[in-house]
Amino acid sequence: MPRAALGLAPLDPARLLAEVTRPANGAEALFVGTVREQNTGRPVTGIDYSAYDAMALAELSRIVEAVAAEHGTPDVVCEHRVGTLAVGEASVVVAVGHPRRDGAFAACRAVIEALKARVPIFKQEHYVDGTREWVHNGQR
Amino acid sequence: MPRAALGLAPLDPARLLAEVTRPANGAEALFVGTVREQNTGRPVTGIDYSAYDAMALAELSRIVEAVAAEHGTPDVVCEHRVGTLAVGEASVVVAVGHPRRDGAFAACRAVIEALKARVPIFKQEHYVDGTREWVHNGQR
Amino acid sequence: MTVTVLVFAAYAEALGAPEVSVTVPAGSTIADVLAEVRALPGGTRIPEVPLLARNQRYAALSDPVEAADEIAVIPPVAGG
Amino acid sequence: MTVTVLVFAAYAEALGAPEVSVTVPAGSTIADVLAEVRALPGGTRIPEVPLLARNQRYAALSDPVEAADEIAVIPPVAGG
Numbered sequence: 000m001p002r003a004a005l006g007l008a009p010l011d012p013a014r015l016l017a018e019v020t021r022p023a024n025g026a027e028a029l030f031v032g033t034v035r036e037q038n039t040g041r042p043v044t045g046i047d048y049s050a051y052d053a054m055a056l057a058e059l060s061r062i063v064e065a066v067a068a069e070h071g072t073p074d075v076v077c078e079h080r081v082g083t084l085a086v087g088e089a090s091v092v093v094a095v096g097h098p099r100r101d102g103a104f105a106a107c108r109a110v111i112e113a114l115k116a117r118v119p120i121f122k123q124e125h126y127v128d129g130t131r132e133w134v135h136n137g138q139r
Numbered sequence: 000m001p002r003a004a005l006g007l008a009p010l011d012p013a014r015l016l017a018e019v020t021r022p023a024n025g026a027e028a029l030f031v032g033t034v035r036e037q038n039t040g041r042p043v044t045g046i047d048y049s050a051y052d053a054m055a056l057a058e059l060s061r062i063v064e065a066v067a068a069e070h071g072t073p074d075v076v077c078e079h080r081v082g083t084l085a086v087g088e089a090s091v092v093v094a095v096g097h098p099r100r101d102g103a104f105a106a107c108r109a110v111i112e113a114l115k116a117r118v119p120i121f122k123q124e125h126y127v128d129g130t131r132e133w134v135h136n137g138q139r
Numbered sequence: 000m001t002v003t004v005l006v007f008a009a010y011a012e013a014l015g016a017p018e019v020s021v022t023v024p025a026g027s028t029i030a031d032v033l034a035e036v037r038a039l040p041g042g043t044r045i046p047e048v049p050l051l052a053r054n055q056r057y058a059a060l061s062d063p064v065e066a067a068d069e070i071a072v073i074p075p076v077a078g079g
Numbered sequence: 000m001t002v003t004v005l006v007f008a009a010y011a012e013a014l015g016a017p018e019v020s021v022t023v024p025a026g027s028t029i030a031d032v033l034a035e036v037r038a039l040p041g042g043t044r045i046p047e048v049p050l051l052a053r054n055q056r057y058a059a060l061s062d063p064v065e066a067a068d069e070i071a072v073i074p075p076v077a078g079g
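Listed in order, the protein sequences are those of chains A, B, C and D. Here numbering that gives the first Met the number 0 is used: the first residue of the first sequence is 0, the next is one more, and so on. Here numbering that gives the first Met the number 0 is used: the first residue of the second sequence is 0, the next is one more, and so on. Here numbering that gives the first Met the number 0 is used: the first residue of the third sequence is 0, the next is one more, and so on. Here numbering that gives the first Met the number 0 is used: the first residue of the fourth sequence is 0, the next is one more, and so on.
Pulled out of the complex, with its shape left as it was, chain A reads as follows (with noise of 0.2 angstroms):
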C-alpha cells in the first residue's frame, strides 16, 4: 500500500526497496536523497531539516496515493528524516515496484518531484564559517 511517513531516525533504504518487490513487480526504482558536502559552492558540514509536521505528513500522504493511483501500482512508499543531518546522510528516500520499468521510473520521480514542491519541510544549511542560512528548493 502507499505509505508516508516523516521522521527524527536514520533512513534506511533497503527496507524500503524489500517492501515495495512483490512478484507482481518486475521493476523497483528507488532514489535517495543526501546531504552534500557543498552546495552552491559554499563548503556544508551539515542540515537541520524541520517541518510543519502534521500537514507534512498529510501532504505526502497525498502525493503517494495520487501517484500510485496514477501509476497503476500500490507499492510507492517515500520516507522523509529531519533533525540535523550530517553530509552523506539520506534525508529522503522514494521506493516504487511497479510490473514495468517505465512505469517505476516515472512513478518514483513524480514523488520526489511533488515533494520538492509541494511538501512544507524546510531546511537550515549550516557552513564550514559557522554561519547558517535557511534555503529552499526555488533556489536551484
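Treat the hints as calculated values from the structure; they're not laboratory data. Careful: at least some of the hints might be erroneous.
Stated by the list, open to error - Here are some, though not all, of the chain B residues that point toward chain A, as calculated from beta-carbon distances under 10 angstroms:
{"hint": "1", "residue": "Pro9"}
{"hint": "2", "residue": "Val31"}
{"hint": "3", "residue": "Gly32"}
{"hint": "4", "residue": "Val34"}
{"hint": "5", "residue": "Glu36"}
{"hint": "6", "residue": "Arg41"}
{"hint": "7", "residue": "Val81"}
{"hint": "8", "residue": "Gly96"}
{"hint": "9", "residue": "Pro98"}
{"hint": "10", "residue": "Arg100"}
{"hint": "11", "residue": "Gly102"}
Computed from a predicted model, the values in this text were never measured in an experiment. Cβ coordinates follow ideal geometry from the N, Cα and C atoms, glycine included.
Fit chains B, C and D to the known structure of chain A by using the hints.
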C-alpha cells in the same frame, strides 16, 4: 569508479547503493529488475539467465563507462546475475550517484536501457505447466 | 474572533515564535489574518503572498476563516 | 582456415553445441562464416542477419575474419 559485474551470486542492492553514495553526491538512483510471477499472462516459476560471459562483461563495462562520462559522475555501477532465479529475485541492479537528481535518474535509466538493448544475456522462462521458452527484450 | 497561526523556519525567526494569535472580525478571510500577522513586529519579513494553509491543506488568500481553524504561513519549501 | 564460432541459447540448442568450427578461405568475411554456420544441421534456425560479434564486440557481416578471431552468433538479447 564505473564498475560492471556479472555473476551467479544473489545481488545486494544496498551494497551498490552504498558504493555510489559519496559526499559529492546529493542524489542516488537505483534500479532493480526482479523476476515477475507472470509474463504476458503465463505464470512463471523461475528464469534461467545465461550470457556470452566475456562479451557481456565487456559490453556492460563499456556502457557504465560511457554513461559515467556522458553524465559527469564516476559513480555508475551495474551488476547482472546469471543462473536460475526464482520469482522475486533480482536479476539486475543499477546504482548511480550524482550531484543532482536529474543526472542520477537519467544515468540510471541510460544504463538499464543500453543493457537491455545491447548486452548479450539470454533468458529462458520456466512456466507452471513445466514448459520452458527462450524470451527476449524485443518481445515486450 | 481569535485565530491561531502557525509559522515556520525563517518566518518563525522573524516573528520570534512558532505560533501567534491574531484577532479578526467574524467572516474574515485568510488575507485578513495574514494582514494582522504581517503587522506584528518582524511581520514584514513575510512576503505579501506567501504559501498559506488552512487545516493542513494549501489555501488561497480569499478562503474564509473560522476561529477553530489551524492557519499556517509557510516559507518556501526545501524538502528532498 | 578454420574459425571457431560461439553460439548461445536457442542457437546453441539448434546446432546442438555451444561452439562450432567452420572452414572458410583466407580473406573471408563474417558473412562467409555465417553462411557456413547456417549450412550446418539445424543452422537455418539462425536468421539470415543475426547479431554478430568479433572478439567480443558487435561486428558487421562485411567485417573481415582471421583464424584467431573469436566469432559469435548472438540471439536476441534478454538482459535486465
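TODO: Find the hints from earlier in the document that the structure breaks and name them by number, from lowest to highest.
DONE: Violated: hints 1, 6, 7 and 11.
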